[in-house]
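*Asks:* Model the full assembly from the supplied sequences, consistent with the hints where possible.
Protein chains: 2
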Amino acid sequence: MAQNKKFVEAITSMNEDFARWYTDVVKKADLVEYSGVKGCMIIRPYGFALWELIQKELDRRFKETGHENVYMPMFIPESLLQKEKDHVEGFAPEVAWVTHGGSEQLAERLCVRPTSETLFCDHYKDIIQSYRDLPKLYNQWCSVVRWEKTTRPFLRSVEFLWQEGHTAHATPEEAQEETIRMLNVYSSFCEEVLAIPVIKGQKTEKEKFAGANATYTIESLMHDGKALQSGTSHNFGDGFAEAFGIQYLDKDNQLKYVHQTSWGMSTRIIGAIIMVHGDDSGLVLPPRIAPTQLIIVPVQQQVEGVLDKAYELKERLSKVCRVKVDDSDKMPGWKFSEHEMRGVPLRLEVGPKDIQKNQVVLVKRENREKLFVSMDELETRIPEILEEVQASLYNKALNMRNSKTFTAKTMDEMESILNETPGFIKAMWCGDEECENAIKEKMTATARCIPFEQENISDKCVCCEKEAKHMVYWGRAY
Amino acid sequence: MAQNKKFVEAITSMNEDFARWYTDVVKKADLVEYSGVKGCMIIRPYGFALWELIQKELDRRFKETGHENVYMPMFIPESLLQKEKDHVEGFAPEVAWVTHGGSEQLAERLCVRPTSETLFCDHYKDIIQSYRDLPKLYNQWCSVVRWEKTTRPFLRSVEFLWQEGHTAHATPEEAQEETIRMLNVYSSFCEEVLAIPVIKGQKTEKEKFAGANATYTIESLMHDGKALQSGTSHNFGDGFAEAFGIQYLDKDNQLKYVHQTSWGMSTRIIGAIIMVHGDDSGLVLPPRIAPTQLIIVPVQQQVEGVLDKAYELKERLSKVCRVKVDDSDKMPGWKFSEHEMRGVPLRLEVGPKDIQKNQVVLVKRENREKLFVSMDELETRIPEILEEVQASLYNKALNMRNSKTFTAKTMDEMESILNETPGFIKAMWCGDEECENAIKEKMTATARCIPFEQENISDKCVCCEKEAKHMVYWGRAY
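First to last, the sequence lines map onto chains A and B.
Residue numbering for the first sequence follows the working numbering, starting at 17 and increasing by one per position.
Residue numbering for the second sequence follows the working numbering, starting at 17 and increasing by one per position.
Simulated from the structure, these hints should not be mistaken for lab results.
Accuracy of the hints is not assured; some may be wrong.
The list makes no distinction among identical chains, and a pair is therefore deemed to hold if it is satisfied within one copy or across any two copies.
Taking lysine-lysine and the BS3-like style, the derived pairs with C-alpha atoms no more than 27 Å apart in a straight line are [to be verified]: (1) 141 x 72; (2) 335 x 72; (3) 330 x 425; (4) 44 x 442; (5) 72 x 43; (6) 335 x 79; (7) 340 x 72.
Everything numeric in this text was worked out from a predicted model, so none of it was measured.
*Replies:* See the structure below:
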């Protein structure tokens, strides 16, 4: 148990230093490793398995809603990036430029895609002619690059993995419907699969995507009271279509511009999983997204029959969950800590005495609750317990968020909340960017979103005290 | 049927101009579209669905053989690329260089990965300490960039998608075993899933991968008699380990270098599928890899009950195959051509008369054979027919290859075969690079591989007439 203790001591406690706790967890749970390229991370097998499960779940939902996957080039010619003026202003300062191919200088610089709106538009211009070609519902899984100075694994890195959906529609109504549909796909994915409750709403003009008419977002709250933008869905109207000349011949024989959307979710969401569910023993994974849902740890594995029983159980239980046996030559206590660190939702201990009693010990990662279960009932009990854990994690996360959500009627209230009990602050806003800027400057909090579910906190803007238009969620954000 | 005819006329015939036929097929079967970036292609939904099935099948085989997926950065610092001298010589002339991030010039240039040996080695150096850490069996799905001047969709492009496996082992024997294991995974995948027969063998010193001790390959033969390298597996020995300092403490307490392998298959293999199975009506897809295995075409769909029956059949048959209904308002003949162009293995026609007779018409894409099958037997018959088609395509491809495989004992024989009936040429070789160069220069044919299955064509080298060491497959290649 000495080893075990040492292993656990190596993590900083959350309350002591949340940022260090986060870094410790991503490293010690074997999710990522730093690379020799500044700001780029290596996603290790355990981290990538998590991403593969996220991809699988999201991809299924995209396909069920009629979307198809494609692959666009990773390079964007400078002239193409510049076609939509808001878009290029938003992205040009943070792109990587390829200037040479082999030993030759290129006639035109290429940027490594920071996002692919311009490429999709250029393609849509070629393949959309008639109303029969609409809608186009495309998605792409790829990596993108944004030249960030301050980086952190998953949360902000020079290169990251994501999916970007890009769609083209005949009418503004269809585009708006799609924008909200995909926001709902994200929110139900976060809540049902990742056990992360989210606030759905619209971004302010200041915070919207470069080139969009409207940006919608799902916002989640981390353990340290900071917000994390977890997925966004943009309605472009016909702005890009005009800039790129994407027109179709409608049923009425009129040439019309298409209406477009885009929406994305990235490896950032793994940061949210860590910071919403994790604790001082490491990662806590919701069962539906855990690469290993059940870890079997043989106790006194040198005793004859123990390892065989462990393998037999693994064989049986692999039909109902993602299960592994840890048959390494480490001490059981060490193994317990290691799999707790990696957030495996459920541990099954089986030793000589358990075999005699025809039972096993199950231990929940989330609260170390112990359950003694007959070996004959495992196939039914384990899936039930995993679902209980899933629901419990969601409820805990919701309670955590509720306990860190406040209302403020004045700037003073807002400031004291942010400094003393950081979290979401619901406060009224007149709709003027001046007030938004003032709040950002004074307390480094931004408008996270104008939530769909509005409440009336007061009649006056928290900043200027003029008539309020919206209730806004404010917060400091990752 | 006028439309239908026009549609088909738009493809160049294979015999008239094979290169144009190829380009016509990839475009008209909606596999790819050219992009605004020279040499980079857009993989369209139908092409990407093909790649997704390839990925799924290969990924399953990789995981069954113990491999784990990871993700490495897409950038390689210039100094890292230079660490292994053969490797940098092989790749530096054809990489894309990033010189600026945002508006700042980088202190060190980064190349966009042409392959990731150097990144994996740099990572292995950090994570491998002891024999307990071995083997490391990693794979990565990603895109890579090679600055090619002459490009063709799938076959050679500036950016392409692939998987690259990178493994580290304790002993030379284990590394060699892995190298051959993965070559076998590729060959069985090609033969069982893609219905493409392959020659397995070793590359000559001249043709091996930059930095490898030995490169193994699977070579397939296209309809025009040209060879296509379809997958490679490299044994690096400890060369990279020495260059990067990847050492482990063995059980005997000695510090030793690891032994490494790498292996890759790319979107190039889609080019092979097209050029092995395709015909003058377009693509022909082996059922096991076809995104749509069965297309249901309602005949006289305006007649009441026909579309309903088509949907009902789709619902039923979706349990046994990948099936779609084409309920567009095009003429049936047009639909037939379109799905033939897209290589859908089996077509189901159902009209009012068929419904009366409780039967359907099935038409095989490969030979237009018609089968009348009772509606009650579809669930059993369709999977059987798909498997028959799969086997038939393999046999046809094997016969095609056999009919285009020749033996030559002299340079004159070799040359006349290449000029008159291009294909694989089996000929003896002394093992000297001089002869290999002479053959390449004289007839632009390269040593495709030294096959594992050796034959004795003669005792003398086809070129210098000195004593022969190996039988080699020669050919012109993509």
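*Asks:* Among the hints numbered above, which are violated by the structure, and what are their numbers in rising order?
*Replies:* Violated hints: 1, 3 and 4; rest satisfied.
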